[in-house]
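Sequence order for the protein chains is A and B.
Each residue of the first sequence is one higher than the one before, starting from 751 at the first, in our numbering.
Each residue of the second sequence is one higher than the one before, starting from 751 at the first, in our numbering.
None of these hints come from the bench; they were simulated from the model.
Fair warning: there could be bad hints in the mix.
Straight-line Cα separation of at most 20 Å, EDC-like style, residue types lysine to aspartate or glutamate; simulated pairs [said to hold, decoys possible]: (1) K1008(A) <-> D982(B); (2) K874(A) <-> D1059(A); (3) K953(A) <-> E963(A); (4) K1055(A) <-> D982(A); (5) K1079(B) <-> D951(B); (6) K1008(B) <-> D982(A).
One-sided excerpt, in silico: chain B residues whose CB lies under 8 Å from chain A [claimed, not checked]: (7) P865; (8) R1009; (9) M1018; (10) I1057.
As the structure is a prediction and not an experimental result, all values here were calculated from the model.
Virtual Cβ for every residue (Gly too), placed ideally from N, Cα, C.
2 protein chains.
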Amino acid sequence: MTMNRIFTLDRRPDGELADSDLGSHEQAITAPAAGQIQIRTTCLSIDPTIRVWMSDIPQYMPPIALGEVVRSLGIGVVEQSAHPDFAAGDRVVGLIGWATHPTLDVAMSFLAKLPAELPLPDAKVLSLIGMTTGLTAYFGLLDICDPRPGQTLVVDAAAGAVGALVGQIGKIKGCRVVGIAGGPEKCRYVTEELGLDACIDYKNDDVGKGLDEHCPRGIDLCFENVGGAILDEVLLRMNNNGRVSICGLIGDYNAAGKRTPGPYNFGMILMRRLRVEGFIVSDHGARFPQATAELLQWAQQGRLKSIEDVRQGFSQLPETLRQLLRGEKHGKMLLVP
Amino acid sequence: MTMNRIFTLDRRPDGELADSDLGSHEQAITAPAAGQIQIRTTCLSIDPTIRVWMSDIPQYMPPIALGEVVRSLGIGVVEQSAHPDFAAGDRVVGLIGWATHPTLDVAMSFLAKLPAELPLPDAKVLSLIGMTTGLTAYFGLLDICDPRPGQTLVVDAAAGAVGALVGQIGKIKGCRVVGIAGGPEKCRYVTEELGLDACIDYKNDDVGKGLDEHCPRGIDLCFENVGGAILDEVLLRMNNNGRVSICGLIGDYNAAGKRTPGPYNFGMILMRRLRVEGFIVSDHGARFPQATAELLQWAQQGRLKSIEDVRQGFSQLPETLRQLLRGEKHGKMLLVP
């Protein structure tokens, strides 16, 4: 008999997620009540924000409660439906969680049907037009940074799921785009395959010197995924009236709940009249259809590439999240249970 | 024979300004060359930014060069003119510097004539409509925070030259305004005389608890003069899509050049989708006439009060600046040489 396998959050991680922070259980599959559907999970999106949700800090959604299934974006196929808009066989995307056969409330889990004609497999949906990837890059760059031709844009985690799309959209908009990534292989990918103007290897090179070399007219725009020392080097080189889009601060996530200092060059916000702005993609829901259409169009024109790092096996979820936060992956991290 | 007394910056201060960082000299008064005027200084504006200019850090103007007269805003009366737009007896405002009888290039020192009909003495000009006071409050609050009726605005250094005006303009715009100031006397002034809704005494009370009590619906807007621990408490309580106007970070100025951490709650910019923006008043020069007129109108209507802390004696300049940065003053600090 097929069982629903789940991971629950039983203890808040202190630093890196430990296996002992989680509970691993098998349950009988539950028939859906009114408003619910029961799905078979086909692909889970492994995102840095999962680690944020595990910490009891002020954040944009409530943290995962202890004992609850770990929250995660994913795609599944409906097996049983008690909701009028869904039928068995439909492909759905939403907050499926770390579960193989969950029964979920459609509204509470933000479940939406994927159009039957959508020409993308699960992995490409999650890596190219997903909320945590394409839509995040789209709104965070276009709305907050407002890139103009000829401006210099710096994006860190430039080989990552979001950064790679931000860099390419920056090029589409006519910017000089300088990436920052860890290691020569990621940097080669960023310049040769994604087409960015330069990429600085923060693991082997001096980020400040690299920015001096590759941003000779200073930095107008920054799309920030990391925080910490890299953001400090960027702030020092921002031009007057520059904009910094705060998408993520992944460097801090394992320290969530501890006192980690903000950027030492915070005063540059004043000296260079910077606008530093955070955003959460879900605030832009009304414009998702338009953004999705534009992302798909760019992809079909070959101007927006994505690669996926797809892991196999439900039991690998904790290790996969750890590797994501260590940067030990290449492209959008996904897991097929 | 009357001499021109000056203070030069001979060494960059390490922490608080020391008398030995400055040179004190007397020089013969110099006849102006073409484009210059020679003035008698009547009032100097003692502003936190003078301490920033003394440090060799990235900033919005070049730092004061070693050996140069200390840069300072002030008012004077023209004694000799070699500029077609100025005549002896004109009252002028601009970057006069720490000098009693300087000879200055009109353009380089941003000197402008005050209208003969302006109904304000020097001290009121500098405290109510000066670049470093009224105009700073005006643009920093209205342009960056965009206050709306019913929003909650927090302003620190609320009894200070800028903060007092920001708080009153916030009330004019219909906000609930909560000030933060040091000591019961300043707090009493802020609520009873300036009319703010509440004031938290950061020297004697817990700022976080005070904000919880006086901002029951959270904080929508923050006008930041101080930085450090106070900003951290504010950030923790900001509402979604809140705005933070970075006017000053006076808490850091004596540490300029050292590594001081940014706000520990920097991540709240992301979690609450905040817009944190710095500004420099001189960027808004085109709109100074309109802003000045509106500030004067509010003052004439009794809706905008200012008080001045006027010190006497040119030799007191270094100690006056030290006291400003320690908060040992009440109102706009000025010095009559």
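How the hints compare with the structure:
no., hint, result
1, K1008(A) <-> D982(B), "14 Å, holds"
2, K874(A) <-> D1059(A), "11 Å, holds"
3, K953(A) <-> E963(A), "17 Å, holds"
4, K1055(A) <-> D982(A), "29 Å, violated"
5, K1079(B) <-> D951(B), "15 Å, holds"
6, K1008(B) <-> D982(A), "14 Å, holds"
7, P865, "29 Å, violated"
8, R1009, "5 Å, holds"
9, M1018, "7 Å, holds"
10, I1057, "26 Å, violated"
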